[in-house]
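Enquirer: One-letter residues, chain by chain:
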Amino acid sequence: MSRVRLLGTALLLVGLLLPVSLTAQERGISPTEIVIGSTLPLSGPAAYWGTGVGGGIDAFLRSVNDAGGVHGRKFRVVLRDDSYLPPRAVLNARELVERDGVFAIVGMIGTANAFAARDYIAESKTLWISPTTNDIFAGWRNRKYLFVTYPSYLNEGRILTQYAADKLGTKKIAVFYQNDEYGLGLLRGVKYGLSAAKGVKLVGQASYEVTDADVSAQAVKLRGSGADTVFIAATPGQGALIVREMAKLGWRPTLLATFTLGDPIMFVLAGEAWNDVYSTAYFPLPGLGDSKVDQMLATLIRYNAGLARSPYNALAGVTFIEPLVEALRRAGPDVTKDKIVTALESLRNWNGEVSRAVTFGPDRHQGLNRIHIVKSSGGKYVKITDWITYPTQY
Amino acid sequence: MQRDLRERYEQDLALVRGAAAWLALAAALIGLAVFPWYAPSYLVFTAILVSVNAIVALGLNLLTGYTGQISLGHAGFVAIGAYTSGLLMSKLGVTWWLAWPAAGIVAAAFGFLVGLPALRLTGPYLVIATLGFGIAVHQVLTNWEALSGGRMGLPVPQVTFGPAGLTAEQRLYYLAVGGAVLLTWVAFNLTRSHVGRAFVAIRDSDIAAEVVGVNLTRYKTLAFAVSAFYAGIAGALFGQALRHIEPQSFTLVESIFYFAMIVIGGLASIPGALIGAVVLTVLPQQLTLLREWVPLIFGSAIILMMVVEPKGLYGRWLRVKLYFRTWPL
Amino acid sequence: MVDLVQYLVGGLTAGTLYGLVALGIVLLYRSSRVLNFAHGDLATLAAFVGFTVLLRRQPPTPFPIGPQTGWWSFLPAMAGALLAGALAGAAFYFLIIRPVKEATLLGRIVVTLGLALAINGLVVLVWGADTKVFPFPLSDVRVYRLGGVVISQLSLGLTTAGLLLVALLYLLVQRTRVGLAMRAVAQDLTAAQALGIPSRRIFALTWGLAGMLAAAAGILAAPVTLLTPFMMLDPFLKGFAAAVLGGMDSLPGAVLGGWLLGLAESLFAGYISFKFKTTLAFLIIILTLMLRPEGLLGREYRRRV
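Chains as they are written, first to last, in the working numbering: chain A, 44 to 437; chain B, 45 to 373; chain C, 7 to 311.
A few of these clues could be false.
Claimed, not checked - Listed next, the stretches of chain A that the computed footprint assigns to chain C, with coverage defined by at least 3 CB atoms under 8 angstroms from CB atoms of chain C:
hint : region
1    : 106 to 114
2    : 324 to 335
What the hints assert, rightly or not - With a Cα cut of at most 25 angstroms, we get these calculated BS3-like pairs of lysine-lysine:
hint : chain 1 : residue 1 : chain 2 : residue 2
3    : A       : K234      : C       : K138
4    : C       : K281      : A       : K215
5    : A       : K418      : A       : K335
6    : C       : K281      : A       : K418
7    : A       : K244      : C       : K138
Claimed, not checked - Here are some chain B residues the structure puts well away from chain C; computed CB gaps all over 12 angstroms:
hint : residue
8    : A68
9    : A83
10   : L165
11   : N187
12   : G222
13   : V230
14   : K355
Read the hints as simulated data drawn from the structure, not as lab findings. Note that beta-carbon positions come from the ideal geometry of N, C-alpha and C, so glycine has one too.
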């Protein structure tokens with residue numbers, strides 16, 4: 044037997060694995076079910092986001108199913124793990140469309156992943172609801188089926204910086220940022236905000252890698268820059284670490300933090316050092332008196348007890364999928380992709396259980412353009428400004 | 045029953061022996077050629093990724109399996125190939141059939157440079173040196189934004205080739221699989237030539253090899269350069285498949301992955317490298333539905349494979365063949 | 007000047023951790039000629055076990071800062087983690103390393119890689135992927151000041167514990183009969199067996215000891231880096247590099263390598279650039295290896311053809 048026959052056999056085996064699923068009328072829609080898919084980091088260092096967001100989406104849709112579904116159809120969720128790797132994300136997107144036959148793809152975490160997958164998703168004309176990124180879509184033209192409900196890092200950075208300059212007396216600001224598109228996007232936002240604020244200078248910046256466990260050198264460098272305010276463009280792990288290092292050095296500048304640090308886990312990780320930190324929120328935070336959000340969180344935890352460890356991400360997952368569920372309700376029992384597009388575009392200042400003021404239109408597919416500023420005190424966040432809007436990019 | 049007795053030296057050297065083998069080869073090639081017409085497009089894309097990994101595995105196998113030089117930084121060479129071809133095509137408008145070989149050559153040059161310190165290092169020391177190389181490449185690409193576009197990545201323009209009526213995936217499939225077949229043939233021939241014999245001599249005992257007249261410097265650096273060339277070509281193809289390259293695709297995790305491919309498939313065997321590439325590309329993808337269970341299952345599968353058959357999957361296949369050949373003894 | 011000393015202090019603290027990881031790696035390489043890529047995940051597993059034991063004895067205080075637990079509940083938890091590490095190490099040896107004995111060096115490396123992946127997956131499954139705080143009886147923010155230089159109680163305690171462990175290991179290996187047996191088996195297995203040394207037991211012991219060292223490294227790392235399933239990824243890599251730098255068959259070399267690496271990294275990060283600090287670390291190592299291929303304190307072996 045020849046060796047090359049082996050190769051041929053191996054490839055044929057690949058081809059024989061699991062047939063493509065068939066669907067009726069529209070892909071992913073049958074008289075009894077709607078198939079929703081997502082590719083998320085469910086393993087690897089970013090697993091905290093993937094499991095939280097994915098768990099939230101799954102639990103939410105299960106609760107909708109138990110309440111009767113939408114026009115008699117129940118949701119089926121397919122979650123694929125991409126470990127935060129762009130090639131896997133692209134392959135997952137292809138499999139979701141061609142093999143799992145999904146009607147819509149929800150979310151996708153990571154700007155690089157979204158960037159790699161966006162052309163394929165547009166070509167396959169699949170509805171794409173809320174990948175967690177905005178900047179890469181600003182100049183892109185294939186937005187017919189893309190709808191995003193996620194705040195813009197650029198504008199968030201700008202708004203927080205301007206607030207600090209106007210209200211907190213900031214004169215010299217330094218930035219502690221994650222060395223990837225997420226942190227860099229926020230850094231750009233800070234610089235954007237500084238260009239409008241007079242008399243405020245950027246005096247230092249210190250970056251870290253996602254795998255870094257020790258940020259003591261960064262803390263020393265930031266202190267050495269003479270800043271009176273530090274903007275933390277980080278994720279909860281290193282965000283807590285830098286704050287603790289600063290506490291060790293006995294240095295306490297004004298602290299600004301991006302909205303991913305609005306996660307209550309920060310109080311556990313950084314303890315008292317996380318007091319008087321200014322951050323932002325794009326949906327009402329749990330435990331602050333908004334009963335709809337609190338009830339939704341309780342429901343999610345009822346379906347999946349593990350979500351109690353990542354309540355913020357689970358609620359974020361709900362904000363990604365909610366608008367689609369509402370659009371399905373509005374479109375009525377006869378569903379096609381274009382009808383859903385029209386239904387989504389009809390949302391004006393819509394409030395869901397968790398999402399607030401989602402607005403789409405024929406030339407507006409960026410659904411969220413407002414955030415409000417919160418401050419941490421006494422172990423929880425307190426709302427200190429009203430909603431601040433920013434211009435939409437697309 | 046031993047059917048394939050060899051009577052002459054040329055027969056021993058021949059790649060394909062006997063009518064049955066030629067038929068099988070033809071069938072396999074025809075199968076590969078018509079595959080994209082019948083398979084759904086995500087499988088075609090998978091096949092492209094498999095080809096990319098297969099090319100890297102072939103190169104790494106030449107270095108590690110045949111020459112015995114361990115490299116845990118091969119993702120660095122793949123990255124160099126990807127970015128070279130990406131930059132040439134997007135910034136300088138070079139066409140693909142110039143850019144891709146150029147990527148291979150640039151990677152081979154780096155391979156040569158890495159091969160130089162390798163002359164003095166063995167075992168774990170070489171592992172660290174190559175590991176360091178891989179990490180250095182990753183960090184430079186991440187931070188030197190003018191060159192690589194940093195974490196926002198580098199978009200790669202689409203390649204047009206061949207007759208109309210083919211989708212982009214199908215075009216790339218033919219390029220990728222064609223490249224893989226060609227490079228497999230080259231690898232086969234390399235291992236049968238004096239170069240291949242020199243490599244194996246170095247692996248088995250480098251001091252003895254030098255005594256017998258094998259120029260260690262030349263062949264060790266050649267091994268590194270050739271394997272880097274393969275990795276560079278694979279990188280160029282990879283960049284074209286994703287049409288967007290960013291440094292996060294070329295980390296230590298990927299280097300370990302390539303390494304595992306050749307060990308699980310079978311070291312010092314070309315079919316082994318191919319099998320390893322197929323299995324380790326397809327298996328994790330099949331497991332993506334299992335979400336959080338993936339690392340545990342995948343890791344256990346690797347352990348099981350190594351415990352059951354330390355010579356790799358191809359070694360197990362040879363044992364099976366041998367069993368049937370010597371049956372009923 | 008103050009900043010310089012601060013960087014040095016930071017570097018030494020990190021370097022002690024790297025040295026501890028390196029010790030475990032060198033111990034295993036010397037005796038079994040295995041590059042254990044699962045060392046970091048072993049440390050993580052042990053740290054999580056310790057965490058669970060600790061939480062069972064005392065519920066977590068809300069919004070903790072400062073000492074989060076007392077010694078009376080911490081020490082049993084630490085003992086539990088060390089025990090878990092030792093058992094896991096011995097288990098690896100019996101269940102996995104022994105059956106794979108005929109494999110090449112590369113094959114054994116791949117086995118440990120598979121192990122690393124499997125343990126990592128297990129930790130995520132059982133404990134979740136979220137970040138947790140590892141309670142420690144020393145305060146993170148109570149600091150001691152010398153001039154302008156600041157060192158926290160926690161860092162001081164961890165560094166001291168690390169140094170103590172190194173000293174204990176040295177005593178074990180150099181001054182006890184068991185240590186002698188371990189060194190004999192590492193030097194020449196056949197000769198040691200001929201002399202009547204129970205090699206299987208010694209191997210199991212060595213692996214158990216390495217597992218315990220990994221557990222210690224995990225416990226010392228967790229309070230500072232926060233407990234996540236991936237916390238040992240970076241320290242493991244640096245520890246591995248430190249082991250190679252010091253010489254793969256030299257235990258004091260491992261510690262020295264760890265300190266040098268930690269210092270170089272911290273100084274480079276502070277004065278030149280954060281972004282390339284890992285690259286620099288590896289560059290230094292490669293340069294050192296080119297000048298002295300067997301590592302700083304390694305012994306040069308003459309190979310027979």
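Enquirer: Next, verify each hint and record whether it holds.
Expert: Status of the hints after comparison with the structure:
1. Coverage of a stretch by a chain is defined here by at least three residues with a beta carbon nearer than 8 angstroms to that chain's beta carbons; for the region 106 to 114 of chain A and chain C the count is 0, and the condition is violated.
2. Here the region 324 to 335 of chain A counts 0 residues with a CB under 8 angstroms from a CB of chain C, which misses the bar of 3, and the coverage is violated.
3. Between K234(A) and K138(C) the alpha-carbon distance is near 33 angstroms, which puts this suggested pair outside the 25 angstroms criterion.
4. Simply put, K281(C) and K215(A) have alpha-carbon atoms about 23 angstroms apart, close enough for the 25 angstroms limit, and the pair holds.
5. Of the pairs offered as hints, the one joining K418(A) and K335(A) holds, with about 21 angstroms between alpha carbons and a cut-off of 25 angstroms not exceeded.
6. Note on K281(C) and K418(A): the hinted pairing is violated, with a Cα-Cα distance of about 31 angstroms set against a maximum of 25 angstroms.
7. Between K244(A) and K138(C) the alpha-carbon distance is near 36 angstroms, which puts this suggested pair outside the 25 angstroms criterion.
8. The claim that A68(B) is not at the interface with chain C holds, since no C-beta of that chain comes within 12 angstroms of its own (minimum 30 angstroms).
9. The Cβ of A83(B) sits about 30 angstroms from the closest Cβ of chain C, beyond the 12 angstroms cut-off, so the non-interface label holds.
10. The claim that L165(B) lies off the interface is violated: its Cβ sits roughly 5 angstroms from the closest Cβ of chain C, which falls inside the 12 angstroms cut-off.
11. Not every CB of chain C is more than 12 angstroms from the CB of N187(B) (nearest about 4 angstroms), against its label as outside the interface.
12. In this structure G222(B) is separated from chain C by more than 12 angstroms, as the shortest Cβ-Cβ distance comes to about 30 angstroms.
13. At roughly 24 angstroms from the closest C-beta of chain C, the C-beta of V230(B) stays outside 12 angstroms, upholding its exclusion from the interface.
14. K355(B), annotated as away from the interface, has a beta carbon of chain C within 12 angstroms; the closest lies near 8 angstroms.
Comparing the model with each numbered hint stated earlier shows that hints 1, 2, 3, 6, 7, 10, 11 and 14 do not hold.
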